[in-house]
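Protein chains: 2
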Amino acid sequence: MTKPSLDGIFKPQSVAVVGASNRPGNIGREIVHNLIEFEFQGPVFPVNPKLRTLHSLKAYPSVDAIPDPVDLAVIVVPKEQVSTVVEACGRKGVKGLVVITAGFREVGGLGIAREEELASLLNRHGMRMVGPNCMGVINTDPTVRLDASFARTLPITGDIGFMTQSGALGEAILSIASRKGIGFSMFVSVGNKTDVSGNDLLLYWENDPATRVILLYLENFGDPRRFTTIARRITRTKPIVAVKAGRTTAGARAVSSHTGSLAGRDMATDLLLTQCGVLRAASVEELFDLAPAFSMQPPPAGPRVGIVTNAGGPGILATDACVGLGLVVESPSPATRERLAPILHPEASLENPIDLLASGTPEMYGAATRAALDDPAFDALIVIFVPPVMTRSEEVARSIANEAAGSPKPVMVCFMGAEEGVPGVAELRSRGLPVYTFPESAANALAALHTYRQWRDRPDGRVIDMPVDHERAARALESAREAGRDWLTGPEAREVASAARLPVAVARTVRSPAEAMAASVEIGFPLVLKRDGPGSEHKSDSGGVRVGIRNAPDLEAAFHDLGGGIEPLVLMEMIEGGRELILGMIIDPMAGPLLMVGTGGTYVELLRDAVWRIHPLTDLDASEMLRTMTGYPILTGYRGEVAVDTRSVESDLLRLSALVSAFPEIVELDINPYIARPGDGMNRIVDIRIRRETRPGPDQPSSRDPS
Amino acid sequence: MTKPSLDGIFKPQSVAVVGASNRPGNIGREIVHNLIEFEFQGPVFPVNPKLRTLHSLKAYPSVDAIPDPVDLAVIVVPKEQVSTVVEACGRKGVKGLVVITAGFREVGGLGIAREEELASLLNRHGMRMVGPNCMGVINTDPTVRLDASFARTLPITGDIGFMTQSGALGEAILSIASRKGIGFSMFVSVGNKTDVSGNDLLLYWENDPATRVILLYLENFGDPRRFTTIARRITRTKPIVAVKAGRTTAGARAVSSHTGSLAGRDMATDLLLTQCGVLRAASVEELFDLAPAFSMQPPPAGPRVGIVTNAGGPGILATDACVGLGLVVESPSPATRERLAPILHPEASLENPIDLLASGTPEMYGAATRAALDDPAFDALIVIFVPPVMTRSEEVARSIANEAAGSPKPVMVCFMGAEEGVPGVAELRSRGLPVYTFPESAANALAALHTYRQWRDRPDGRVIDMPVDHERAARALESAREAGRDWLTGPEAREVASAARLPVAVARTVRSPAEAMAASVEIGFPLVLKRDGPGSEHKSDSGGVRVGIRNAPDLEAAFHDLGGGIEPLVLMEMIEGGRELILGMIIDPMAGPLLMVGTGGTYVELLRDAVWRIHPLTDLDASEMLRTMTGYPILTGYRGEVAVDTRSVESDLLRLSALVSAFPEIVELDINPYIARPGDGMNRIVDIRIRRETRPGPDQPSSRDPS
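In order, the protein sequences belong to chains F and C.
When the letters of the first sequence are read in order and numbered with the working numbering, they come out as residues 1 to 707.
When the letters of the second sequence are read in order and numbered with the working numbering, they come out as residues 1001 to 1707.
Pulled out of the complex, with its shape left as it was, chain F reads as follows (with noise of 0.2 Å):
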């Protein structure tokens, strides 16, 4: 059944506001007073059997009592009631509900069945709802203009739509962002989510044309596969930013592997993030720093930054932090030296950065940007003001302001020790200018503008359908499970990685001597003889391996030092040269199953190379993951060795990725070494280990939070 539109919410012809008093600091008080102040272009019904008016509004006893119809009722009645408002809300006819009352599922114990039976009140009367809990929702809209919130701070209209999953951090926002002059077109407290979701909104912001450019406060992802589809669609067209809150250790139960080992803190949501093109802000200040960016500016074609300065310590910091950031910080063109030459000072800089010095006046900056812009050699342009004694810097703005307004290179400002309320600023910002007191701010959100089109232009990848031979894979499966088996043996795991074709050194379990030599013969010498019990893991630890057997003597020597007949040891072909891998996927809680690549060896934990990719794998993504090793160039032939052949690996990992796909009860796999060989069809997998797990899979939602 598709749920109605958010429209009611967020569109409503008329609000009630249920549980208004005249208590100063009465939060349906306040939020009475956001809508009449910030101009709701409908009527307003507050709602209180006690009360007669609230600010000059004609107050009613109840929802049914209001002779009007309502579309949006904004509710902060005690928790005990809102389910009869609610029901009251139903009757009336009430499209959309925010329920700022506090005291649900957050608290636990009867909380949880007060926001279920909210749930099925929602559900019978067809009624959409944003919260419990929360702070409200605000429209900016002509046509609309709803501040359904109690913050205290009046938005300013723009066309940043701002979700956040933390009502005080909601406050803040506001606050802070006004102080900056980010404007919003719609922001959303979503509180407990139960019913209106972070995803919704993605979806409503999708087709909104007021929207363009969406951020988020997140502290968890209630349906992260569905924020990954979603996102990775909008973000082709609108740019998403996003802080989330509340790190946690990616795979924490899966450190018996060298797999999980490499997994570092909170990498679960970069790589969701990253790989669905949302930019992740380091900080709730970094948040404000590319919000204004992303709203004003267009991303730049390329990388090649040029800076204008007046001052230049700035143009130096400006320099440094664009270089560290990877942009690119070269020469102007032969031309725009030749322009500026007759109109800058005699000592001005006509590198780059551009020093007009601290003379320089209103129309040196105009010449400047406007050189700058018509640049080829430049994809975006920072200009920096740093004011002089005596200097006009409302005229320097405008300056400014007339050449860049519009541009289609993006243009940063930093007007230094400047900030709100400084002459020239409001103008800038009016003109559609992002404004920074620090160069190196500047240059962050250009970074990240450029980030956001380096993403927008990448290919889609595709996922191929690489075969599996899935009966074979199931039996061996099976047979661990059937055994209350955690870790497959070897001859397990090796089974099901052939079942995905592989690549596994060719291998024989041996029992005695008698074995062992027929498996010579079979296998051929070189060959490897080691122990193959469940958990053997860090072979190379505990000396259960002898390799570089010759001859049938050393082969018989090496069966009886390593235990055989009582252990179970394995007969394997013995690969020489090649470079170490490890390939490997573990389990994320949030993220469902991440894969990974690696430089192997014996130090690979100390080394730390390893690419991760969260499942399923695109073949641009196996491609990606190889190339961003930073012990790649050791695969193509680094200081003249011969190349490994790459294609293969690239194909294995995503025979991998098909493997997990097909079974969802392998929750661990490490493949340790993959030893990557020069020639087509060389590769070999030396070991492989594989856990399983009876669980619900990652696509049978349990007791996750819904989104």
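The hints are simulated quantities; they were obtained by calculation from the structure and are not laboratory data.
All the pointers check out, no bait thrown in.
Not everything, but these chain C residues come out facing chain F in the computed CB check (under 10 Å):
{"id": "1", "residue": "1152"}
{"id": "2", "residue": "1164"}
{"id": "3", "residue": "1245"}
{"id": "4", "residue": "1283"}
{"id": "5", "residue": "1285"}
{"id": "6", "residue": "1312"}
{"id": "7", "residue": "1315"}
{"id": "8", "residue": "1317"}
{"id": "9", "residue": "1358"}
{"id": "10", "residue": "1388"}
{"id": "11", "residue": "1417"}
{"id": "12", "residue": "1437"}
Note that CB positions come from ideal geometry on N, CA and C, so glycine has one too.
Based on these hints, arrange chain C on the given structure of chain F.
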């Protein structure tokens, strides 16, 4: 000759401003205005032959015409007239000068001559000078109250000494500081540093009881070695925080060696600052975050942070930031929970963060702050307040301040969304508590305090006087110099290393099969034969090496294969087992010799596991270098393997340092591989390359900036 004290500049009894006019915007006029406005505690004498009065002060036609003594003259006359005025000041007995006028060394040509003339006038008259080309000096000492700057913002009195190398930035710094309530003891724009340098200021502030924190905005180091010595001493008692603009690539000239290729961008500056305990702020913005923390709060005794909040989200953000910065956020002790449980709301969290909920009262803030400060589980505290509707911000501020002011544990306060001018913030600041808008900034400042504490607690290392056979090394270097070679030959390099008692593997140059046979008997099989010419770097690339030669026929074959008799070949003992390291040295143009130890092996440049220090090394440096290598566990018995002799590696680093001290002409040195093995005295240098250069040594000042 000891120079006169800087008191004449910073503590004058009287000030003349030479070149002030009545024209609005005239810089001299602004300075006179600031002197009066900031209430300079002595007479101010404007000097201008065309003026009768300025700002109601009697003006004099020249310095000589002033009837009273003049301690300080601030000079703003045109550049051509500066030396005449300085000459007059000398005659008059003026003690200190601040020369604002620009147009000296920074413009080149005639400007350089003008600046040299200035310097000789100062010497002749025994005067001290700040500038030229600066924006002035400030001393907020209540007995002085000198604002001899043309900044538009009057300073707040405080305990921070601020030195800026950028005049333009000075204006911005004062304006931002004032908005953030950051107070200065002194503020100095040093300009061209013709006389008074940054190092002079450090020394002056070292003994100034009013200056407790030192902030530096640096663009270059005049005398890095003197800076290091001075700063290392001062940071034991007063924190120094620096922003350094103008990043350079260390050792850009030295990329011909492995060592050189491992040097990072701007590494030398980081090393230089870190090794003398100076905290490097990544941006001007961060400088302003750290300043109030260092100014107002003591460093914490340890890394354990208690967090008090009235909103979950910001509490999580603070936790994330703390943990990400190496601080520890763990549970309060049971006593704290018992103490707070009856006072706080039943739903309040008594974990860490301690969450008072949105309804947290001023009394709760007081109780939680007190309890957390009393809790031995915490070394420091972050108190976060997100103002909800109807909260008494001032009372919350007062409650926090009542408990936290003067605490021996540092307390950072975050008033989210709030900033200057918001009720409560001013009170917190006036009572010595740093206030931040964002929890991440508070966490960052606390982490910096913790870093500083660790520095203060770190013992001084000792430079050990390792023996070097000076004559023997000199002979080898001499032979290269005479042959006009920069790169030493293999035998020469091994000779130099042996002279420093570095453990060079046994090696013999062999020119014929017969010589090879003879040497093989002397050294003993197995052997390594390789080419040994200068510049045969990256030997493993070129195939110029045969390892594992185990008998005479193999040796003879190898000799011919490698072109023996034509190419210079060396026969060496074969070092089996052990761990490959790389040791090396490059010269940084700014910081002098940099020494390095890193994980070796074929992929050394890819893995970039190298640790650097500035020469000379102390015993503590050598020990820390080894221990901070990512690959360090490989040396100490990783995964049950045998540990190698790390003490000998440390000694060899000190020997290397001693060699570099003894021979400034050694400008590049690459020990690769250095094989560390188990057992005393078993480590071996397999290959060493040395480059020499006839150049002014780092101890012979050349054309560098005077500091």
